[in-house]
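J.: Chain by chain, the residues:
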Amino acid sequence: MPEPQPDDHFTEVYQAHYRQVYSYAVTRAGRQLADEVVAETFLVAWRRLPQLPTAAPLPWLLAVARNIVGERYRAEVRQQAVAAEMRAWITDEELSVADVADGVAERAAVLTALTQLSDGDRELLTLVAWHGLAPAHAARVLGCSTATYYVRLHRARRHLKDAMAAATEPELPRPAATLVPKESIR
Amino acid sequence: MSRSPDVLDLLAKARPTRLDPPPNRGEHIAQAVASIVANASVVERHAVPDQLHRPKRLRVAFLATVGAAAMAVTAIVVAVAGPGTVPRTAPDAASDSASPATQAPMDSSRLLLVAAERSDRAPQAGGRYLTFQTEGGHAVPVEATDGTYTMIYKIGGQIWFARSAADSSWGYSQPLGIVPATPRDEAAWHRNGSPAVVRITEPKPHDRPIAPGKLYGETVDPARYYALGDRNVSWAQLDALPTDPAALRRALLSRFDGGGGDMPTDRDQWLFTVAANLVIDLPVSNEVRAAAFRMLATLPQVRGLGAVYDMRGRPGQAIAFTPTSYQDGLEVRLIIDPDTGQALGREMRVVEPRGSFSWLAPGALYAYDLVLVSKNTNDNPPAVDVQN
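Those protein sequence lines, which keep their order, are chains A and B.
Residue 122 in our numbering sits at position 122 of the first sequence, and the numbers go up by one each step.
Residue 451 in our numbering sits at position 265 of the second sequence, and the numbers go up by one each step.
No false leads were slipped in.
Straight-line Cα separation of at most 30 Å, DSBU-like style, residue types lysine-lysine; simulated pairs:
no.: 1; chain 1: B; residue 1: Lys400; chain 2: A; residue 2: Lys161
no.: 2; chain 1: B; residue 1: Lys561; chain 2: B; residue 2: Lys400
no.: 3; chain 1: A; residue 1: Lys161; chain 2: B; residue 2: Lys199
According to the in silico footprint, chain B covers these stretches of chain A (three or more CB under 8 Å from chain B):
no.: 4; stretch: 19-29
no.: 5; stretch: 41-54
no.: 6; stretch: 105-117
no.: 7; stretch: 128-134
no.: 8; stretch: 142-150
no.: 9; stretch: 153-165
Residues on chain B that point at chain A, a partial pick, calculated with CB under 8 Å:
no.: 10; residue: Val193
no.: 11; residue: Ala198
no.: 12; residue: Ala218
no.: 13; residue: Ile222
no.: 14; residue: Tyr402
no.: 15; residue: Gly444
no.: 16; residue: Gly445
No wet-lab data here; the hints were simulated from the structure.
Virtual Cβ for every residue (Gly too), placed ideally from N, Cα, C.
So that you can see chain B by itself, here it is in the shape it has in the complex (with noise of 0.2 Å):
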């Protein structure tokens, strides 16, 4: 990305000294620490653990960093919508009426070795740009004459990244407008009168547009957009991802740093997530996005979560990482089209509400990335509505 050193470099000479602790201060590290400790025990004995300084958000930061690659990217699995209706962000119902009917459930295992040989056959071909193009939205809450409802922010994303140093890389997002997230909060919002403009309350009140907005581009350093789990990764050493699930397996541990922060601490839901974002969020080959389902069929607590369509309507199959206990009440979804062996989406669904995500009713979607278009090609990137 052109960057303007120019400010940045002015900024950084202007940093004030009051940033520095003061003199002397660093010269009592163990004490320091033994206060931090002894704080922490009293704090441990007279509350519940792990409530009171719970940073809230962290987990929030989680579910927005797994959309690295794409610009938050994403998409609701929808187990009772079917294609073109309204999308649902409501409970499943059981998996039945409205299943696609083509799709018989498999065992979540079986599921990802067939997507696995099916990827291994999608065709690839050269072109100028490598496109990958994603949808990606999240519930909100907006404020009513009673309480509040719920609506779905989409952003659209785009990332066409060059083959030819000639060329330049370009990175586009696109809000995609504000709709109500289920039948009943349509209901709600026509009841505080249709509203163009929408007060979103959380995590503090502020006012949206529910119209799509205009398309945001700007030209992208390739070698250093995306992250895998919470590190940078280059294209190159995407592209240097081993095929065989085994040796992925220990290629993606080898990042592994106990988790932690936004990241999963238990290794097989660190790696589950991981390979989430490796088939979601990333341009990897056919032959890396087959090693990581095999890799997944062999965690033990992934389970097949049956047939499903997307926000977007496209049927396939969804499956799951089953935690010892879910941190903070969210089960993450990935979505698969077994014909194809291309991953559709990833959801993340309340299972638990509470924290951050209170206001959802149990099952209700938190927020979802669809990979829409990942192929190359000799078209040229869009022309941008607004370039800052």
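If we strip away everything but chain A, and leave its shape as in the complex, we get (with noise of 0.2 Å):
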């Protein structure tokens, strides 16, 4: 079998993604595994070079790297290496590194109630709010039709909006579902 060399097309897809690939490996593993998972998920790329969508490669990359962390590590070793990492982001130290205008408070803010949510909703919500993915695209890395992702999303947006009031307000009961009555739907 002929060695096989590294191609253009791979190397602009790897200098293209390898970034958002690497951010998205830091949310789901933590940053201890996110060179790991970025290797692994290029080896598959490069394994299967010839079913890489040309036009938009990044949903394929995100959803191949979120299938490696899924089977690659065992749960709670992910768990702790996740938690450690958000751990990090709300240190002051990571919280000073940014923009010192925007409030440090309502990003600390923001962290923790986004620590707070189930993984599923953090994964929805990091996929749009960092790793810029447009919703049919993020839908394909979760393997969820594009309608269910805005279901989803929606349900998401709501829980970390429902975290932070928690933080801020903890006095205030939370309410039951609500019941839309016909008249006020539209």
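Once you've looked at the hints, go ahead and assemble the two chains, each given alone in its own frame, into the complex.
T.: This is the structure:
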């Protein structure tokens, strides 16, 4: 078998997307495992190069990365890594790195709220907010339909909002599920 | 859809810098690529190609994505069960006794051409809303005292697209309950105490009530609702699809990027997938649907499966694409009513049980999508039980 050679297309894809794959890997498995996930992901991409979508390879790459994270690490290992990662996000050092004018408290509040969400909600929200995916692409990464994705995103956003509100106004009772009378739905 | 940019924007601004690779990581692209390729060549020599690192879930992603239009819509073609009987996911019997008597087997291209003609003639009328109502389901393994049995998890979906900007468009979904897949599974469910809450073992164990759930609804943005294949498509783009089969083929292929990920890489199989997507999941005109049928009739690998019933017991004719190899051991079937030219549903059946579907028998149903209603109407969208 001839030695495979890197080709221009693969190099371009790597160059264009390795930072995004890395970011995604950090959110899903923490920084300590991210390099490994990135390497594995591009290994799969290289081996399946003919199947790599040329127009928009990122959702494909992230779906592969997601799969690798799910298959390669035991759940406890990944959860610990993610927990450690999230603790690092809300350290003073990390918070002070960003634009100071933007309000450290607000950043801390939203990140703290994020850590209180389910893994699924967190993934949905960060795919949009941090990894910049369009809805159809985010849906592809998650393996759900675009329609389902919207529904889940809507819910996750609400959960984030609630978690932020709960942190700032701990006295307020949580309302029960809202029933909407027919007249008001339009 | 009404976004509340506040919270997502806040989150976007709070993006930790730890998400970026360490500095100067990006300066050695050539080296990084060379190391990946070198690593790959070692793996190639020591492992069965395509097995070691193959992402098992990509195909599942595809299964979900093809239902993109409706909220995980769906339907089983049932070759042996008649209307009103327990839906079966058991392997197809030879198409004998219980086939609908009224429908003689047709070859697939004749079937498609007949359906195209009828589709052309189907009535269309204006209305305040275009509504599209669907049912979907997929097989789930349920924990039992002795292994697992199979149940079908059903979900209903509705879309109400407002014709006027004064009205809102709505999307709905509703769990329709979890039912045993076959009489054998039903017996297993009884043996295990007929539980009202079952433990589904994949992808990781979780408990679900089997009763139908509430109707969940929210306003949606029609411009960003649909995907064709794996890319978003606007309503305007759908309306602009050609009604000539050759032109439609060209228009669809202009979106073909080599497939991959969750889409087939074979061009004709990709066309079959996208055309099925078009007639099952998207509110296209009768003329576009007819063109899709005529285009499908030209694909040499499409074959007829004869008369079948769908999960609701509606009679139809099924076609399938025969690939050179069954990538994930699944076959996609399209069910058509040749009398009306409507597409009734799509099903995915196991041909070769392996990977994520190894727990299913050959011929068993994995997932289905049914089109129940596709019409223009002056009715109001339903009231929701739950709105987030």
